[in-house]
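Asks: Residues per chain are reported as follows:
Number of protein chains: 2
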Amino acid sequence: MNSGKPKIVIVGGGFGGIELAKKLRKKAVEVVILDKHNYHTFQPLLYQVATGGLEADSIAFPIRKIFKGQKNLTFRVTEVQKVIPQENKLLTTIGEITYDYLVIATGSTSNFFGQDEIQENAMPMKSIPEALNLRSLILQHLEAALIAPTPAAEAELLNFVIVGGGPTGVETAGAIAELKKHVLKNDYPELDIQKVNIYLIEGSPELLGPMSKQSQEKSQKFLEELGVTIYTSARVQSYDGSLLTLADGRTIHAKTVIWSAGVKGVVLNGLDPTCTVRGNRLKVDKTNKVDCYDNVYAIGDVAAMLSDETPNGHPGVAPVAIQQGKLLAENILNKIEGKPTSHFKYFDKGSMATVGRNRAVVDINKIHFQGVFAWFTWMFVHLMTLVGFRNKLVVFVNWVWSYFSYDRGTRLIIRPFLKKADIIKLNDKYRSSETQEGVS
Amino acid sequence: MNSGKPKIVIVGGGFGGIELAKKLRKKAVEVVILDKHNYHTFQPLLYQVATGGLEADSIAFPIRKIFKGQKNLTFRVTEVQKVIPQENKLLTTIGEITYDYLVIATGSTSNFFGQDEIQENAMPMKSIPEALNLRSLILQHLEAALIAPTPAAEAELLNFVIVGGGPTGVETAGAIAELKKHVLKNDYPELDIQKVNIYLIEGSPELLGPMSKQSQEKSQKFLEELGVTIYTSARVQSYDGSLLTLADGRTIHAKTVIWSAGVKGVVLNGLDPTCTVRGNRLKVDKTNKVDCYDNVYAIGDVAAMLSDETPNGHPGVAPVAIQQGKLLAENILNKIEGKPTSHFKYFDKGSMATVGRNRAVVDINKIHFQGVFAWFTWMFVHLMTLVGFRNKLVVFVNWVWSYFSYDRGTRLIIRPFLKKADIIKLNDKYRSSETQEGVS
Chain A
1 MNSGKPKIVI VGGGFGGIEL AKKLRKKAVE VVILDKHNYH TFQPLLYQVA
51 TGGLEADSIA FPIRKIFKGQ KNLTFRVTEV QKVIPQENKL LTTIGEITYD
101 YLVIATGSTS NFFGQDEIQE NAMPMKSIPE ALNLRSLILQ HLEAALIAPT
151 PAAEAELLNF VIVGGGPTGV ETAGAIAELK KHVLKNDYPE LDIQKVNIYL
201 IEGSPELLGP MSKQSQEKSQ KFLEELGVTI YTSARVQSYD GSLLTLADGR
251 TIHAKTVIWS AGVKGVVLNG LDPTCTVRGN RLKVDKTNKV DCYDNVYAIG
301 DVAAMLSDET PNGHPGVAPV AIQQGKLLAE NILNKIEGKP TSHFKYFDKG
351 SMATVGRNRA VVDINKIHFQ GVFAWFTWMF VHLMTLVGFR NKLVVFVNWV
401 WSYFSYDRGT RLIIRPFLKK ADIIKLNDKY RSSETQEGVS
Chain B
1 MNSGKPKIVI VGGGFGGIEL AKKLRKKAVE VVILDKHNYH TFQPLLYQVA
51 TGGLEADSIA FPIRKIFKGQ KNLTFRVTEV QKVIPQENKL LTTIGEITYD
101 YLVIATGSTS NFFGQDEIQE NAMPMKSIPE ALNLRSLILQ HLEAALIAPT
151 PAAEAELLNF VIVGGGPTGV ETAGAIAELK KHVLKNDYPE LDIQKVNIYL
201 IEGSPELLGP MSKQSQEKSQ KFLEELGVTI YTSARVQSYD GSLLTLADGR
251 TIHAKTVIWS AGVKGVVLNG LDPTCTVRGN RLKVDKTNKV DCYDNVYAIG
301 DVAAMLSDET PNGHPGVAPV AIQQGKLLAE NILNKIEGKP TSHFKYFDKG
351 SMATVGRNRA VVDINKIHFQ GVFAWFTWMF VHLMTLVGFR NKLVVFVNWV
401 WSYFSYDRGT RLIIRPFLKK ADIIKLNDKY RSSETQEGVS
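One line per chain: the protein sequences are A and B, in this order.
Just so you know, we're using this note's numbering here: the first sequence kicks off at 1 and counts up by one.
Just so you know, we're using this note's numbering here: the second sequence kicks off at 1 and counts up by one.
One or more of the hints may lead you astray.
As the list claims (entries may be wrong) - Taking CB as the label site, the calculated pair distances span:
1) D428(B) to E79(A): 24 to 32 Å
2) I147(A) to Q214(B): 47 to 55 Å
3) G371(B) to K339(A): 42 to 50 Å
4) H253(A) to D100(B): 36 to 44 Å
5) S238(B) to K26(A): 47 to 55 Å
6) I147(A) to D100(B): 19 to 27 Å
7) A28(A) to H253(B): 54 to 62 Å
8) S238(B) to E79(A): 30 to 38 Å
What the hints assert, rightly or not - Anything over 10 Å on all C-beta distances counts as not near chain B; from chain A, calculated:
9) H37
10) A56
11) D57
12) Y188
13) S405
Worth flagging that the hints you see were computed from the coordinates, not collected in a lab.
From the three backbone atoms N, C-alpha and C, an ideal C-beta is built for every residue, glycine too.
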């Protein structure tokens, strides 16, 4: 691994890290990409894994396969424990790794805003293991409801709360509502399906904050048509695993609370804390260089490029990460060759969210449309963005099949739900063992 | 659940239990089916899940969906802790369940023949969680090999041993050999692929014991063409997790040992031990009634119907379980109505095994054929037997795609490998919790 060429180490195989590494193909640099998983995750479809619509393997792609034949690249499954920027060095679970340029593309994780009790009891959905754990939990709660000893215990098991009315929250609420409508009534004939309630809780007055007024209203209407109860301008005060209390005093008894109310950057240990801004993101300049260092960059969700046009940075979506990764490849190569670097400018292709069958909302610049055509647009864009032909094909087959059968294929409790405390314990145990990997 | 009709409780949603319950549709009985998973597993393809060829969800099928609309049936996810035959009662993790007729269709599990050290260190492959755990282990060992500190440590990680030369062992060895040939050389360009060794160890002088001489020889030839080292007439003496020792003193250093050398029945606690014969199976008469009881039956792998024609009982394959389940439905109904019952006679449709791409062996009565046509026959029969149209479709798409791309889709470490001791610990913990389920 010592070629004498400048060595670029990328931490994270998400949209940004992958794009950057691909653009460095056949360039006179040595590339090392690190990820704690051996696969890339297509995060926009995680909610379909959690709600039984897709198999986990369909939205994940082996990182090694992405870089097949890329001779200047090394991939390692590992976790970074610490950066030592003064020595241009990473400490990882597989030993020390030095770098000339470090790119932090670690993405984001659920933000519980310091509320430990909520963090312990609400379900995140930011990774494939988390989505599968949630799928198991939902199905186990339905099974448990059948044998609940009291009506109160049954109600708790059949109330599903989604916190956060962004695209993930809206899509998840819609998917659970469709599960209820099309699948549960057949699967659980003993169950009074009317007892299944889905709540969507959003802090601001509207769902889908950054989208057009039209899309906001329409998505709310779509969700209500599907029977979702929406609380806007509502904040979660506490959740103890059974009782969720809102700031205004209203309560919901629910065993399942899905948390999509916010994210925070995954920052590496060892970095100067003054480089970190709100949302645990790294403050970067317009070339994505982290402010405190000369040779450390951050792209995607973990980067905060604050400027007059983007006072809060860019939205945490795949196109930002991809475009930043692409430009950073050019900029690092230019910097190595002593050429001028260029500034990042986000090209916003629009945004969209799907609520359910034939129900989606799309904003492209000034054009807004909703309904069936929006839904097909949503499916087409997501299919095209999925990595790998096999994945495209399998997801397409699943969607077509679901469309005509009104069914979901994968409502299986393959690995039962594990509590967070147990996942953390196992992670710690296995991290120190020879297999070098954690559980989640 | 108290209809006054005779209540038939079936423990196990495998091939036998499912077939029996289906045949009781619209009959004047109450049917309860219990399984610790909420899905039926298509066991013949587990090895493809373990070796990255198929997604787990494609070979599993929700049990609730199988019985959609079957009004006289109740399904529960639970584990039976004990039978109390004197009181016609089961103790389960969800409480007591009474029966008029009990059918034990619990199948089989890996048999380590009392060798605790081997049991602790070798990998079984009899359930979906086990197959996924094995997939993670294989992939983690490849990752670890890249950073192995010494050539000896590397060799241990790259030696794969399969113990048992029945269909599962032959198919697994072939699948790993093809993984090496078509996938690893692209995925791990840093690795000297010649260092990956696959061993198949069989106690008797021939592979595929019950098949024709021609199939035995041809499958051995196919495996050797794929680079598998075969040791016949070889018995494993010990395996400590790194060093495997054969009875004749030969040794193999290997971190991965897959155990397909034998199975034993999964017998419920509380049954008279004198009803159990070799292989931990329940001795049944020709109507599948367990010898010691009047209203307890066993079908499939857990049943031993010993007679002059079948001194060792029937082979542990799906067709036996299905045919027994089908006949038992008739026999129980006849018994209830006071009509005569009939004796089981196995209709052997033949047997087959696949070694790899274009390489399979098929015996149908006196007809034996091998190679490409056998391979297509194998695929066709397995596709047709898979439960559910979506599963057929997704498996078909995966196979066609693999055929043309020489690739495997799902080599992802979705949930990293867990040691058996940890799985048992978690199982015990969660079994006693409200979610009523274990980890494996």
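Asks: If a hint holds in the structure, say so; if it does not, say that too.
Replies: Hint-by-hint comparison with the structure:
no.	hint	result
1	D428(B) to E79(A): 24 to 32 Å	holds, 29 Å
2	I147(A) to Q214(B): 47 to 55 Å	holds, 54 Å
3	G371(B) to K339(A): 42 to 50 Å	violated, 60 Å
4	H253(A) to D100(B): 36 to 44 Å	holds, 38 Å
5	S238(B) to K26(A): 47 to 55 Å	holds, 51 Å
6	I147(A) to D100(B): 19 to 27 Å	holds, 21 Å
7	A28(A) to H253(B): 54 to 62 Å	violated, 41 Å
8	S238(B) to E79(A): 30 to 38 Å	holds, 35 Å
9	H37	violated, 7 Å
10	A56	violated, 5 Å
11	D57	violated, 4 Å
12	Y188	violated, 7 Å
13	S405	violated, 8 Å
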